[in-house]
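K.L.:
With chain D's structure known, arrange chain E on it following the hints.
Here is what each chain is made of, one letter per residue.
Protein chains: 2
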Amino acid sequence: MVEARINESRCWGWLMQLAELTDPERPWTRRAFSDRHAEGRQWLAARMREVGLTTSIDAAGNLIGRLPGSEPLPRTVMVGSHSDTVAGGGRFDGIAGVIAGLEIAATLKEGATRLRHPLEVVDFLAEEPNEFGLSCIGSRGMAGALDESMLARTNPAGVSLREGLVAVGAGTAPHDAAIRHDIAGFFELHIEQGPVLEQEQRDVGIVTHIVGIRRLAVIFEGQASHAGTTPLGLRRDALVASARFVMDLRQSLEDIRDRQPFVIATVGEIHIAPNAPNVIPGQAKLTVDLRSDNAAALGAWTDRVRALAGAAAAAANVRLSECRVLSASEPAACAPDLAIQLRAAAEELGLKQRDIVSGAGHDAAFLARVAPSAMLFVPSRGGLSHSAEEWTEPAELGKGVATLFRAVRRFDSECDRARD
Amino acid sequence: MVEARINESRCWGWLMQLAELTDPERPWTRRAFSDRHAEGRQWLAARMREVGLTTSIDAAGNLIGRLPGSEPLPRTVMVGSHSDTVAGGGRFDGIAGVIAGLEIAATLKEGATRLRHPLEVVDFLAEEPNEFGLSCIGSRGMAGALDESMLARTNPAGVSLREGLVAVGAGTAPHDAAIRHDIAGFFELHIEQGPVLEQEQRDVGIVTHIVGIRRLAVIFEGQASHAGTTPLGLRRDALVASARFVMDLRQSLEDIRDRQPFVIATVGEIHIAPNAPNVIPGQAKLTVDLRSDNAAALGAWTDRVRALAGAAAAAANVRLSECRVLSASEPAACAPDLAIQLRAAAEELGLKQRDIVSGAGHDAAFLARVAPSAMLFVPSRGGLSHSAEEWTEPAELGKGVATLFRAVRRFDSECDRARD
Chain D
0 MVEARINESR CWGWLMQLAE LTDPERPWTR RAFSDRHAEG RQWLAARMRE VGLTTSIDAA
60 GNLIGRLPGS EPLPRTVMVG SHSDTVAGGG RFDGIAGVIA GLEIAATLKE GATRLRHPLE
120 VVDFLAEEPN EFGLSCIGSR GMAGALDESM LARTNPAGVS LREGLVAVGA GTAPHDAAIR
180 HDIAGFFELH IEQGPVLEQE QRDVGIVTHI VGIRRLAVIF EGQASHAGTT PLGLRRDALV
240 ASARFVMDLR QSLEDIRDRQ PFVIATVGEI HIAPNAPNVI PGQAKLTVDL RSDNAAALGA
300 WTDRVRALAG AAAAAANVRL SECRVLSASE PAACAPDLAI QLRAAAEELG LKQRDIVSGA
360 GHDAAFLARV APSAMLFVPS RGGLSHSAEE WTEPAELGKG VATLFRAVRR FDSECDRARD
Chain E
0 MVEARINESR CWGWLMQLAE LTDPERPWTR RAFSDRHAEG RQWLAARMRE VGLTTSIDAA
60 GNLIGRLPGS EPLPRTVMVG SHSDTVAGGG RFDGIAGVIA GLEIAATLKE GATRLRHPLE
120 VVDFLAEEPN EFGLSCIGSR GMAGALDESM LARTNPAGVS LREGLVAVGA GTAPHDAAIR
180 HDIAGFFELH IEQGPVLEQE QRDVGIVTHI VGIRRLAVIF EGQASHAGTT PLGLRRDALV
240 ASARFVMDLR QSLEDIRDRQ PFVIATVGEI HIAPNAPNVI PGQAKLTVDL RSDNAAALGA
300 WTDRVRALAG AAAAAANVRL SECRVLSASE PAACAPDLAI QLRAAAEELG LKQRDIVSGA
360 GHDAAFLARV APSAMLFVPS RGGLSHSAEE WTEPAELGKG VATLFRAVRR FDSECDRARD
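Heads up: the sequence lines are chains D and E, in that order.
Heads up: the first sequence at position 26 corresponds to 25 in numbering that gives the first Met the number 0, and the numbers run straight through without jumps.
Heads up: the second sequence at position 418 corresponds to 417 in numbering that gives the first Met the number 0, and the numbers run straight through without jumps.
Next comes chain D alone, as it looks inside the complex (with noise of 0.2 Å):
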């Protein structure tokens, strides 16, 4: 194997040149299907062609740049990420783990090497959430769970995502010839979205599995009534039983802390009725953000939801109106043998590395229903994300793109080995 070594400054270079491309008034944003979206991937693709990559848009709407391999083999190793951005998003969700892929070809190409496999740059359409109410619609494509009902959504403008997709060069053939079936292995690096690696002072994360999320539904009704009036024993208090319902879920969760498969939940949403501050609470509707790496634990943390929820109903004597799931998704395991890979590059540059959960979605999730899949964490200051303050520093991230480099090298070389 040429010992051939990714440029830090180069990659660092290129970040900040792809997050320069934000809508001014909002750093920093480039949301899928905008102006500005299409301006990042114009940039994505002219660099992509320079480090010897050929360009294409697939039915899907993914932005891929390809670099045949240096023996005929069929199957394809895939890297990449996205490079749309929430709304007031950072600089890293996303485009670190597509320039990681760049800075790989790049690395190859001054190497004047290949791989033995063809190797796929890609930037996935749309994993964050956008006009069409639909998240991950590039890896979804790509791994054959994107359906006629999701392309026939519409934007508030009343375009439909078929459209839409049309509209960012994914042209007519059918979405499923997006389908692939062709991939020996996908491998995405991204930032944690977390405090652990900065805590414990890792170089990198491994991820062993990306979570599962249920959303849960859950609304109290009580009776609205005169908070100077209403004697104590007659009040039928939504946000008291709401606070109930919030605090034994806590506790549940400290309950199984650090215990397996991983299980976090969240109250981030409230919305109480008339919410005047001289009148009792009639009314409250939450969301439950529920996640677990093991599919049977979601569901049997759905159940609890459910039962935690009766009992506060029941204790301030309000009724459970509604405990139902919005959405659901399910766990995806990373691949072992991928896995091993990027443990032993880590081992081998002398890093500091653990296996890791992902508490957030990732396109990887998607892919892993049609191909081995990998990801690769890099630390996030204070775990912010989603966030202006979004941050990892140049040599973090070099590190990252580094185990990367190295693992596909190796992934390379060992899969599809004629056997003796």
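Simulated from the structure, these hints should not be mistaken for lab results.
Treat the hints with care, since some could be wrong.
[Claimed, not checked] Example chain E residues on the side facing chain D (calculated, C-beta under 8 Å, incomplete):
id, residue
1, 56
2, 192
3, 233
4, 238
5, 245
6, 253
7, 277
[Claimed, not checked] Taking CB as the label site, the calculated pair distances span:
id, chain 1, residue 1, chain 2, residue 2, range
8, E, 316, D, 314, 23 to 33 Å
9, E, 153, D, 34, 40 to 50 Å
10, E, 316, D, 324, 28 to 38 Å
11, E, 73, D, 314, 53 to 63 Å
12, D, 216, E, 354, 38 to 48 Å
Backbone N, C-alpha and C define an ideal beta-carbon position, used for all residues, glycine too.
P.N.:
Showing chain E alone in chain D's frame:
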């Protein structure tokens, strides 16, 4: 004493006629300073004149109908309440007490008799929250509790309260011309706005105290972060702090339930940020409504709220960034001499009565600063108030008005007698 009797059906008819003067799109609404309110007052003034009262509007915007007494006594007996409503309020809150005064005057006229004292029937201006952000404007004015800074307040259209008073006919005399030191006794009939009389099947409630109210703003500052990637031990969840606070406050109230003095507290308002399903709440703003009939208890419970909020913040690893008194009114005691007359009147009429604390604020609380004041409650169906569902049966209202009339006559008969 002439055995004149109030006319229940006339009284009910007037109540419904005035109630019908509502904004048609949102019954029952007659906001202070609105054209509808002026229309209601024109109707009221016409009825006052029909029953022999001379009408005027004082310097604080109160509509007053006056009947001279049969003796040359310098002090006045006053009866009334307010004709304004909240938006989407009911048909009883306020006008029941004004119509009761009108019915007393009508009954006296019918019997061709008068009180010994002058009788004044009053419709206080703007008891409910209104566009100037100040309630009980008229009764404040009569009690000398309307200061220059209040008069300088402006509504959203930029009109000052001083100008607003002129617009309702208060004239341009100094507002302290409304202050009265000649009231021998003030009587206010009002619906309970709570469920106690109905639950205990009592006909009338004799109010002993009107609560003082403290409004406190409580703000918890945590850290907004990713719902999936932030471990339990690193969360600074402002909603978890809020939940603990709401539960602990409720438990503190349960611990003193049915004890003296009366204390009640409600968290009626909560706003969290960013209030998104997948983000740990970074900030929560709550409003606490604290009421007691005892000034010392209000102070002690203000301290307790602060302590509970501080403890909840510490337990959730967030900061209590604010715990501030937004507004404060002091408890008012009803005059025992007047309450005795109400109890005796109810007794003579064979009614079921109980003493009761008013958990709501009333004009009588301001009048109590300048005159012996008393309140009489009639039942509210389901305890509902500030609602289109507000209801009191005609017979229940009739019993209340009869009690009030009898008590007023007893008081008038005994008060300001020359001692031998």
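K.L.:
If you test the structure against every hint from before, which numbers come out violated?
P.N.:
1
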